[in-house]
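Protein chains in written order, with the working numbering: chain H, 22 to 157; chain B, 22 to 157; chain V, 22 to 157.
Careful, some of the hints might be misleading.
[Said to hold, decoys possible] Calculated cross-link-like contacts (lysine-lysine; reagent style DSSO-like; alpha-carbon spacing at most 30 Å):
#1 H/Lys55 / V/Lys23
#2 V/Lys35 / H/Lys23
#3 V/Lys55 / H/Lys23
#4 H/Lys23 / B/Lys35
#5 V/Lys55 / B/Lys55
#6 B/Lys55 / B/Lys23
#7 H/Lys55 / V/Lys55
#8 H/Lys55 / H/Lys23
#9 B/Lys23 / H/Lys23
#10 H/Lys55 / B/Lys23
[Unchecked claim] Listing some non-contacts, in silico: residues in chain H with all C-beta distances to chain B over 12 Å:
#11 Pro33
#12 Val39
#13 Ser43
#14 Arg85
#15 Leu88
#16 Asn125
#17 Pro144
Think of the hints as simulated: they come from the structure by calculation, not from any bench.
Think of the CB as a built atom: it goes at the ideal place given N, C-alpha and C, for glycine as much as any other residue.
Residue strings, one per chain:
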Amino acid sequence: MKNQIRLSVATPSKDAFVSITSRIRDAVTELGLKDGLVHLHALHTTCGLTINENADPDVLTDLRTRLEEMVVWNHPQDRHGEGNSAAHLKCSLMGTSLSVPVQNGVLALGTWQGIFLAEFDGPRNRSLIITAIGCD
Amino acid sequence: MKNQIRLSVATPSKDAFVSITSRIRDAVTELGLKDGLVHLHALHTTCGLTINENADPDVLTDLRTRLEEMVVWNHPQDRHGEGNSAAHLKCSLMGTSLSVPVQNGVLALGTWQGIFLAEFDGPRNRSLIITAIGCD
Amino acid sequence: MKNQIRLSVATPSKDAFVSITSRIRDAVTELGLKDGLVHLHALHTTCGLTINENADPDVLTDLRTRLEEMVVWNHPQDRHGEGNSAAHLKCSLMGTSLSVPVQNGVLALGTWQGIFLAEFDGPRNRSLIITAIGCD
Chain H
22 MKNQIRLSVA TPSKDAFVSI TSRIRDAVTE LGLKDGLVHL HALHTTCGLT
72 INENADPDVL TDLRTRLEEM VVWNHPQDRH GEGNSAAHLK CSLMGTSLSV
122 PVQNGVLALG TWQGIFLAEF DGPRNRSLII TAIGCD
Chain B
22 MKNQIRLSVA TPSKDAFVSI TSRIRDAVTE LGLKDGLVHL HALHTTCGLT
72 INENADPDVL TDLRTRLEEM VVWNHPQDRH GEGNSAAHLK CSLMGTSLSV
122 PVQNGVLALG TWQGIFLAEF DGPRNRSLII TAIGCD
Chain V
22 MKNQIRLSVA TPSKDAFVSI TSRIRDAVTE LGLKDGLVHL HALHTTCGLT
72 INENADPDVL TDLRTRLEEM VVWNHPQDRH GEGNSAAHLK CSLMGTSLSV
122 PVQNGVLALG TWQGIFLAEF DGPRNRSLII TAIGCD
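Could you build all of it, start to finish, from the sequences and the hints given here?
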């Protein structure tokens with residue numbers, strides 16, 4: 022049985038929180054993980070992975086708006102020629118990997134939790150490595 | 022032997038860093054983990070988990086004060102009807118899970134490190150899933 | 022075979038992103054990890070670990086400059102006597118641990134990804150615990 026798979030996620034716009042919860046559920050099934058952790062790693066430096074509310078999309082809009090204000094796109098002191106240093110900082114603030122418990126084959130998320138790829142310099146195709154770690 | 026247990030943490034106020042270090046130590050013992058990682062996952066979207074100083078409580082006060090200034094509670098552009106978008110952003114900034122090495126049954130924390138549940142929209146009862154991952 | 026090793030990292034200045042990618046590669050080899058996760062934990066409360074761009078050093082300069090503006094060193098409300106509460110907050114914003122997939126003995130990083138110890142109150146000698154978690 023495989024222990025790691027690669028996932029491709031297309032992001033729709035410059036800044037976006039893309040729900041990947043159902044795809045991670047499918048990955049857990051495909052990997053045959055019963056009890057343990059599923060680990061997600063995004064192979065990029067201008068997007069992140071985060072867990073937040075899966076119910077009211079306004080939460081995600083507020084996260085995006087507040088993050089854009091906290092980390093302005095154009096900063097007079099930026100030196101990086103590509104002009105996307107804001108996206109690099111947001112990447113480090115969110116983190117590029119996370120892991121979620123799996124119990125009896127099921128992702129152990131809270132009622133309101135969803136897993137999101139947080140795009141900060143899209144639209145792009147992003148790649149993730151999903152790793153299954155069993156408890157024994 | 023069990024590999025995962027659930028922990029309940031009561032938080033005392035709206036914003037608070039609640040030390041859970043000794044409870045995680047107990048969980049490691051209960052889970053019988055010798056060498057590996059203990060993974061903590063909070064099942065919520067308005068609190069986080071973080072490691073920071075366990076000695077001078079003023080550090081935690083400063084973290085709270087600075088975070089409240091950085092992520093103001095009332096933002097004129099917020100759309101989310103519950104009015105707690107600030108707590109959702111702080112949740113993603115801290116992260117909802119973390120893992121700590123365990124060596125010979127002992128949590129491998131630095132001298133000044135403690136593990137905290139960072140409450141951003143309390144007081145509430147919060148639930149955590151603790152997972153033991155052995156090295157072999 | 023050992024499953025955990027300790028790494029010592031000297032940081033050169035007060036704020037610095039120190040690349041530790043090649044040392045983590047060496048640790049993976051030393052630990053004999055084939056498929057799984059390598060987990061890094063820094064034993065401190067005023068530095069962090071993060072993944073970001075390994076190519077243009079201007080990205081790291083921009084991260085440092087922007088973080089210093091976002092989390093000012095002297096805050097009138099700070100109470101902590103050591104005066105380094107800013108470093109404590111940056112520590113929690115970056116996180117003190119991270120894990121990276123390993124495939125066939127090779128760190129599965131994206132083309133532009135490097136692993137950095139983010140120093141916020143240096144120069145110091147920092148200690149990390151590196152843990153190898155195999156997939157089976």
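We went through each hint and held it up to the structure:
1. H/Lys55 / V/Lys23: At roughly 27 Å apart (the allowed maximum being 30 Å), V/Lys23 and H/Lys55 satisfy the hint.
2. V/Lys35 / H/Lys23: Given pair V/Lys35, H/Lys23 is violated - Cα atoms ~44 Å apart, limit 30 Å.
3. V/Lys55 / H/Lys23: This hinted pair holds, its Cα atoms lying about 13 Å apart.
4. H/Lys23 / B/Lys35: 44 Å, violated
5. V/Lys55 / B/Lys55: 22 Å, holds
6. B/Lys55 / B/Lys23: 13 Å, holds
7. H/Lys55 / V/Lys55: Holds, at about 22 Å.
8. H/Lys55 / H/Lys23: Cα-Cα ~13 Å, so holds.
9. B/Lys23 / H/Lys23: 25 Å, holds
10. H/Lys55 / B/Lys23: Holds. H/Lys55 to B/Lys23 sits at ~13 Å (cutoff 30 Å).
11. Pro33: H/Pro33 clear of chain B: closest Cβ-Cβ about 19 Å, beyond 12 Å.
12. Val39: Holds: least Cβ distance 14 Å, greater than 12 Å.
13. Ser43: Since the minimum Cβ distance to chain B is about 18 Å, H/Ser43 lies beyond 12 Å and the statement holds.
14. Arg85: 10 Å, violated
15. Leu88: Violated, because the least Cβ-Cβ distance between H/Leu88 and chain B comes to about 7 Å, which does not exceed 12 Å.
16. Asn125: 10 Å, violated
17. Pro144: 21 Å, holds
Of the numbered hints given earlier, the model fails hints 2, 4, 14, 15, 16; all others are met.
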